[in-house]
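Protein chains in written order, with our numbering: chain A, 1 to 313; chain B, 314 to 626; chain C, 627 to 939.
No lab work stands behind these hints: they were computed from the structure.
Hints should not be assumed to be uniformly reliable.
Said to hold, decoys possible - Selected chain A positions facing chain B (Cβ under 10 Å, derived; list incomplete):
no., residue
1, V65
2, P122
3, M146
Cβ coordinates follow ideal geometry from the N, Cα and C atoms, glycine included.
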Amino acid sequence: MNNKLTTTVSTFFNGIGQVMFQQSPWTGLLFLAGIFWGSYECHLPQVAWGAAVGTAASTLAGYLVTPKSGDGRAGLWGFNGALVGCAFPTFLANTWLMWIALIFCAMVTTWVRQGFNNVMAPWKVNSYTFPFVFMTWLFLFAARTMHGLDAVALSTPELADPFTWSLDTSFGSLVIYWLKGISQVFLINSWITGIFFLVALAVCSRWAAFWAAAASAIALGIAIMFKADPADISQGLFGFSPVLTGIAVGCTFYKPCLRTALWTIAAVVATVFIQAGMDAIVTPYGLTTLTGPFCVATWLFMLPQYKLNKQVS
Amino acid sequence: MNNKLTTTVSTFFNGIGQVMFQQSPWTGLLFLAGIFWGSYECHLPQVAWGAAVGTAASTLAGYLVTPKSGDGRAGLWGFNGALVGCAFPTFLANTWLMWIALIFCAMVTTWVRQGFNNVMAPWKVNSYTFPFVFMTWLFLFAARTMHGLDAVALSTPELADPFTWSLDTSFGSLVIYWLKGISQVFLINSWITGIFFLVALAVCSRWAAFWAAAASAIALGIAIMFKADPADISQGLFGFSPVLTGIAVGCTFYKPCLRTALWTIAAVVATVFIQAGMDAIVTPYGLTTLTGPFCVATWLFMLPQYKLNKQVS
Amino acid sequence: MNNKLTTTVSTFFNGIGQVMFQQSPWTGLLFLAGIFWGSYECHLPQVAWGAAVGTAASTLAGYLVTPKSGDGRAGLWGFNGALVGCAFPTFLANTWLMWIALIFCAMVTTWVRQGFNNVMAPWKVNSYTFPFVFMTWLFLFAARTMHGLDAVALSTPELADPFTWSLDTSFGSLVIYWLKGISQVFLINSWITGIFFLVALAVCSRWAAFWAAAASAIALGIAIMFKADPADISQGLFGFSPVLTGIAVGCTFYKPCLRTALWTIAAVVATVFIQAGMDAIVTPYGLTTLTGPFCVATWLFMLPQYKLNKQVS
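This is chain A alone, in the form it adopts within the complex (with noise of 0.2 Å):
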């Protein structure tokens, strides 16, 4: 039974780990901690609550169909459930049809999570976060036609988004932006839920929280090189994309060596141009790339199956 419970719960925490590819409750409690911090700080709450929903949904969703699995204990079913749980009350209004929704869809994810890795299994990559991103698009593009579901924090559709450039950049606010493209991966938007995160990695993989530190800075360098939307740099909404690539790339699918840091490197620059251009893409529905730029720019370096490592150590 104790047993039992320590299974049910290392999961449950393994679930949010996974986001960031690290199989480890410790790292997900804290992960989770950062997320209650940021979205109390934020006067979102329901967005922690619906993160712990969403992992506990997406979970067990995934046992419904098959009882027995290291997948589901090892966290696989719970992270794109912890994401669509942050996004639905980042996004929608805090009613009960939101709620019944955010959980279909978290569910869902676990199947569609399925069925996506089936198809990509013969080019050996994953689905990465894909499952939450293509499910919530759905669900946020509903929203724009069902009352039921209220956009209230999604941004007016338009067709072009001028804008003029103007971006603090002293080195304060540059830490800030920083450690908000690291939060932002949970859709959090606090720098301090940044550093709960960075700790988070650390105590799991140290290889992780670096490409972590080091993808959001690069990220940060390139997009303010070429004047990309400052609203979304000062958010760090140009950080969560690259920092997830940075991890993914660099030290999970990858070891870590010269050849494959200069590719990570690569990578992460790629995930910046992409988040601007799937930016402009969405824009005329105002709707939000959420981590698809990861997803992209993730598999375009990883589909050429380089066989990087063997050449070099």
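Fit chains B and C to the given chain A structure using the hints.
Just chains B and C now, with coordinates in the frame of chain A:
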């Protein structure tokens, strides 16, 4: 000679029956009867003639490249053409250029189906009605930039599609929406045609008739609960994709049992949200989703390849 | 040393030749000559220099990860970069940030090509020019949200694109549209460049020259018949994708014979509608289709894997 005629006639009607997965010339005949009834009732007789021409053209296209085939006789070369034949005269002006485009597009769907099925074969799914959806989308998009194809019945492109929510939910009206949800599979807006289709399905498969009826009802309930576009609801536009999902998942690709029934209900519910989401995606183009939501939902629920039957019956 | 120089030079020009599937340094040289002529004629010399820089950058990118390769020498690492090099200076302002982006994007296309080809290998098709299309789309989208990339020559984003249909169809004008349809493969708007390209093709393959000429003529006829956008027709913008489809289907992936000729004509006609359709899709973004319609059409007609030659010759 007589035998050849019988084969030709049954090939033709099988093609219409396969739109709802039924390989039965009688079902196809009753479908076409329903289409004729509804299209004359709506003062668009060209839709019914289009269905006949499209079925013939796409079936012929298959024989041009592969002279002998069981696929052809089973009606699998006809159903995409049947739908092209319904869609073109529904949305485009009745000109001779429209008929040339209809015939060409119907022919191409048969070849495209072969290609798409080749692509999807490793995952044991197929392209369903997606060749029709994909090619018809391209031609309807093209109608926006070609004066030779006049998009008389497409909506005005607009960024968002705000609406006030008001729907007559008397029992009689709900029955009509429910039946129109079934008739709209062939783009027909007539509750009498819906009855034709239910009878036609029952002739070949009681389960297919059951799931068509159940799926249209479930979809209607979810669409009303989440207050989807009332104009669409009252024309059955939230029903036709779930109807196809229901027949496909509930009794075509899985054998009916309690577990697959629950799975089918989840797929039908998902189809409603996918319908609402895809409506929002095509709004800036003034386009229509066709049966795209059915294809997406059915792929999502078939790709995981869960063995639901084995574990139960 | 001298031998090494020859290999380098022939690798470079093969890269330009492969844009139209010709592995011949002489064809590549004549292509580049035509590009220089046309780009200076249009007062956009940076387009020609971009083509040279892009070809070099993308070829180099291949050697950085895979030191030895027949693909590289055959020019298969160069052609996507050549097109990136033509496209960036055509649509973006001539700044140093544009050149950095051009070089980075050209390099990425070579890696992306490897990944896309891995994905498509099971179905015996490849990615054609899609790595160029996909990455350039992302960067042109990004230019909408990055002040560092100035989209000076992209259209204004708008919802629909109404136009009055009026076109000079004198014989002389038709010949010019026809030749520009060929020159636009490299985004050059010059009928003289079209002649350069026909000669360059004939040097390597008479069939390629024939299908380029035939496809541009057929496409012109269909575009006029269906009254497609006259401004696009007169600049050859309905020709370049069909030209590539014609060369690909007519004499690269199928051996020329009567059956494959009919198949190629169907593919070329389809490309015109796909071009018109994709034009409508990108209008709200003020974007351009690049050679996307060619890729889509050629996939659609190659994926069925019909054995057209065996049954005839």
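Interface hint check: M146 of chain A, Cβ to nearest Cβ on chain B, cutoff 10 Å. Holds or violated? holds, 5 Å
Classify the hint on V65 of chain A as holds or violated, based on whether any CB of chain B lies nearer than 10 Å to its CB. This hint holds: V65 of chain A lies near chain B, its Cβ roughly 5 Å from the closest one there, short of 10 Å.
Less than 10 Å between beta-carbons is the criterion; does P122 of chain A satisfy it with respect to chain B? holds, 7 Å
Violated hints: none; the structure is consistent with every hint.
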